[in-house]
Each structure stands twice: as C-alpha cells, then as structure tokens.
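Just so you know, the protein sequences line up as chains A and B, in that order. Note that the working numbering has the first sequence beginning at 3, numbered continuously upward. Note that the working numbering has the second sequence beginning at 884, numbered continuously upward.
Don't read these hints as lab results, they were simulated from the structure. Hints should not be assumed to be uniformly reliable.
[Said to hold, decoys possible] Listed below are several chain B residues computed to face chain A (Cβ distance under 10 Å; list not exhaustive): (1) Ala905; (2) Gly917; (3) Arg919; (4) Ala938; (5) Lys958; (6) Cys1001.
[Claimed, not checked] In silico negatives: residues of chain A with every beta carbon more than 10 Å from chain B: (7) Arg108; (8) Ser131; (9) Arg142; (10) Ile337; (11) Glu338; (12) Gly341; (13) Ile344; (14) Arg381; (15) Lys410; (16) Ser415; (17) Pro416.
Beta carbons: idealized from backbone N, C-alpha and C, even for Gly.
Chain by chain, the residues:
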Amino acid sequence: MLVLTDWLARAINRMAETRKVYLDHSATTPADPRVVEAMLPYLTEKFGNASSVHSFGQEARAAVDRARREVAALIGARANEIVFVSGGTEANNLALRGITDASQTRKNLSNGSSTKKGHVITTSIEHSSVRGISDELEKRGWDITRLPAYEEGIVRIEDVRAALRSDTVLISVMLANNEIGTLQPISEIGALVREERSQGRQLWFHCDAVQAAGRIPLDTEALGCDLLSLSAHKLYAPKGTGALFVRRGVRLVSQNVGGHQEREKRAGTEGVPGIVAFGMAAKLAREELAERSEHERQLRDRFEAGVTERIEDVVFNGDRARRLPNLSNISFRFIEGEGLLISLDLQGVAVSTGSACSSGTLEPSPVIQALGRNDELARGAIRFSFGKDNTAEEVDYVLEVLARVVEKLRQVSPLNKVSSMTKIAEGLHSR
Amino acid sequence: MYSKTFKDHIANPRNAGELPDANAVSEEINPVCGDRLRLMLRIRHQQIEAAAFLAYGCPPTLVCGSMLTELLTGKTVDEAMLLTRSQLVAAVGGLPSRKQHAAALAIETLRSAIESGCSDLLKQGKE
C-alpha cells in the first residue's frame, strides 16, 4: 500500500513537472482546429493563384473575397476597405509610410520639390513597429510628437488636441496597448480628426488594433479611424497574415510595387491559405466574442485576486478598469522579470516580459517606464495574457507555482536590504 | 537556449542568502544593465571555507553567482584568483554572447571580495 502511494505521488509529480500552461496569448495564439480545417484545402487541391484567370485562380479569388468580407465584418468595414498584408508590423508600416509618402507627393506637386516634411502625432507606448517607423520618419525630417500615457497608461484627448499643428498629417494611436492592455480614447480622437477635416484639413487617423481585435467589439465607424491594423495570429489563425483597413477615399502610397494585387495597395501574390484562415478566424471571433471575452475576464480577475491574496509587494501596471479583459501586467518587487519568466517556464508556465520583440535586449520595457515606474519595477514587470482555451484550474496551478517561484527568487535577491540601505543613504544626503 | 546545469541552478540556487560570519564581502553592480551580485566568503588560513551569494538581474547573473559559490568552496585564495570568466561560462554550460556580461560581473565581484577580505585580514593581523 505504501509502495503504491509512493508510486502515485511520484507519478503525480511527473505530471506536474510536464504540465504546460500557456498565458502568452498577446504574443500569439494557437490556430483553432476549425481555422486549420478551413485553410487546409487551399494548400493542396485548391492551390490556385488568386490573380489567375482559369478556374483554379477563380476558386482562390472567391475564397480571398469571402475572407475579406469576414475580416471587414469583424470591424464594421466594407470588404473593399481591407488590404491583406503579412501581419501587424507590415500593416503599420503601410499605414504610416503610405500616408506620409502620399502627403509628401501632394506637397511636391503643389510646391515643386519641397524639403519641408510635416508633423505626425503618436504615443510613447506604441508597439515597437510604430515606434520604429516614427523614429525613421524623424530621421527623414518629419516632426514627431510622442504623447505621454501617464501612470494609468492612457493618453489624454486634450494632449492630442494641444499637439495638433497646421502641418499635422497623421495621428497614430494604438487601440489597446500590447504590454498592459490599456484602451486608448480612439473614438474621441476619431471625432476630433473628423471635426478638423470638416474644416478642410488633410489629416488622417491610424489605429493599431492588433491586440484589441477579437477581444473587444470593433467598429471602424464608431472609432472614427481612417486606417486600422490587424494581425491574424492573435485571433487563433496562423502567423504570416494581417490586414490594413483603409477607409474609402484615403490615399496612400503602396510600399510594395510590381503587381496590381490588393487594389494596387500591396503588390505580391496573396497568401491564400493564410487569408482563408484569417477569414474563418475573424468569423469565429465575431460570433464568439462576448463568450470569449467574458471567459477571459473571469480568469484574469480570478488570477489577480489570487496574486493579491498570496503575494506581497506587487504593483499592477496600467489602468485596471479601462483595459482588455484578457491581460494582466504585474511588477514583482525585488526580482527581475526574465528570472521569473525562466523559472515559470521550467514549471511549464509561459508568460512574457516586456513585449515579446524586445526581450533579449537589456533595456527595461519602455512602456512600463512610460508609466513613470522606476527601473526596478519596469524590469520586474510580467505580462499574463489569457485565452479562450485556458481554464480556472490552470489559473489556480499558475498561482501556486508563481507564489513559490517569487518567494524563491526574493530569497536570492539583495534588493530588499539594499533598497532600505539606499533609502537611509538618501535620507542622510538630503539632510 | 540554456543548459541543463543552468536550469538546475535557476530552479535550485546553491548557497543563496547571507553568510553571517563572512570575512570577505563584495557587492558589484553592472552599470549598463543594473544587474547586481553580492558575494560573501569565509576565508580561514588562505582557504575559502564557505561562500554565499545574493543576486538581482537576468537569469545568467543568478546562475553565475550560484555556480561561483560551488566552485569556490574548498579552494585556496590563490586558486580562486585564477578563476576566469571563460571557466565560469563553461561551468554553467555556456551562455549566449549577449549574456556574457553576467560571468564578467561574477569574476569582478569575486576578485574585489578577495581583495577586500585580504586587506581586512592583514589589517587585523589575523592572516
């Protein structure tokens, strides 16, 4: 009997060791089996090039058009306002570069060869793709205003209004932040842009909705944006496909040339299987949105209540009311995020530190720093992002592992004592 | 990305915590990334009897601290001073190039700990 109990205990331990819980749905999601099923025929028997005139091509074209309608329906747009691209980063590139290039072309036509560029408004908490393009535009002579997000991680409409200049051509603000999930005042900015445009201004509004799509309802009309970026792999479809919504009448310069695809906005043979998958994923996201977001919200709230109850010295990052339902970003004092990430990974729990693209650098998360957090809190920030297939039981397992790992890492950390010593030293200096 | 030894040390750090009767102590900070390592040694008759560490920073900093305490225990001061960064990197099963700074911080902390300890011991005439 004793031997059997011992064997059972060891078997349970082994199961616990190999257990995997994925809480990194903001980085990517697994493809839904229904999405894979819809996509597979387009890799084999329905392999045509959507630009071909023959029946193989027409079959692919029809599938791309169906997918376009589904993606449009997810965001309350018209099908002909959807441009398929390779992902969120390309969508953001096409939006920012396409609009600024178009504005430059207009200026050159009216003033001859003008060296004066113009002004772009963005925020200090954008995804690295928008940050990267803004930095590049700045090097090319554009003026960039990066709006603050304050402690709550949300930009303020009055700052947008105050930043507007007569030569502002583009405002780019994300809908939901990728690290802390905070929701930005997109409808208010959209209304402001429309008001400005009604006075004859050439001003456009881009919104990166990569993290928001499929997690909260989206309606381009209500948001008032002219361009909106989407990525398929955040919606339970495979990686490699995204879309840019371009409102009818908005002119942008294509960044890919050499083909007529996507209404001249993105040259290159359409990735039909990925697009079909995106279409199915968008359809499922629209149909199951309320159910998914309620489920994820319940898991997230259960998780945060558990963290508050079990672990001391934690700081929740970003406004806790105005944010995505599936995301929680927490700084654990006295320890560093990467150590926590690897320790959790050894227990089968996948989370993320900083944004996925920037882990690997030694820099603390610029988003958490933009909230005014010090280096220690910025380095100790961890993102937990829940998905439709997570369970309450998984949350309880993660809480148990997390409490243990945090305790262990804190035992190794010299920061607790050092910080109190630093405080004493600072006190002495200030006298 | 990391070796089995590395993962073992991150999951079960060796000699973590304060060493109350340490007589050679140093705490070094990497100014670029803010990583911090505190090393505590108890040296008797030129031999390291016990070693302990505390660390804040990326996992390689924690693991290098942990491994260092294992490598040092039982070594003479002279032997410890000969320990190199590449030996430490090899002991943890290798580090990615962008994480080599963790081993450099550990070796720097080791040398300054021994130097501080030796000068204190000499001052007290106990050497």
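Here is how each hint holds up against the structure:
The interface hint given for alanine 905 of chain B is broken, as the beta carbon of that residue sits about 13 Å from the closest beta carbon of chain A, more than 10 Å. Among the interface hints, the one on glycine 917 of chain B holds; its C-beta lies about 6 Å from the nearest C-beta in chain A, closer than the 10 Å criterion. Because the beta carbon of arginine 919 of chain B sits about 6 Å from the nearest beta carbon in chain A, less than 10 Å, this interface hint is met. For alanine 938 of chain B, the interface hint holds, since its Cβ comes within 10 Å of a Cβ in chain A; the closest pair sits about 6 Å apart.
At a threshold of 10 Å, the smallest CB-CB gap from lysine 958 of chain B to chain A is about 22 Å, leaving the interface hint violated. Hint status for cysteine 1001 of chain B: violated, given a least beta-carbon distance of 23 Å to chain A, over 10 Å. The beta carbon of arginine 108 of chain A sits about 44 Å from the closest Cβ of chain B, which is more than 10 Å, so the claim that it is off the interface holds. Distance check for serine 131 of chain A against chain B: the nearest CB is about 22 Å away, which clears 10 Å, and the non-interface claim stands.
Against chain B, the non-interface label of arginine 142 of chain A holds: every CB pair exceeds 10 Å, the least being about 30 Å. Separation of isoleucine 337 of chain A from chain B is inadequate, the least Cβ-Cβ distance of about 7 Å not exceeding the 10 Å criterion. A cut-off of 10 Å between C-beta atoms contradicts the statement that glutamate 338 of chain A is not in contact with chain B; the least separation is 5 Å. Glycine 341 of chain A, annotated as away from the interface, has a beta carbon of chain B within 10 Å; the closest lies near 5 Å.
The Cβ of isoleucine 344 of chain A sits about 5 Å from the closest Cβ of chain B, inside the 10 Å cut-off, so the non-interface label is violated. The Cβ of arginine 381 of chain A does not lie farther than 10 Å from every Cβ of chain B; its closest approach is about 7 Å, which violates its non-interface assignment. Listed as a non-interface residue, lysine 410 of chain A fails to keep its Cβ farther than 10 Å from every Cβ of chain B; the least gap is roughly 8 Å. For serine 415 of chain A, the shortest C-beta to C-beta distance to chain B comes to about 5 Å, within the 10 Å cut-off, and the non-interface label is violated.
A beta-carbon of chain B comes within 10 Å of the beta-carbon of proline 416 of chain A; the shortest separation is about 4 Å.
Checked against the numbered hints listed earlier, the structure breaks hints 1, 5, 6, 10, 11, 12, 13, 14, 15, 16, 17; every other hint is satisfied.
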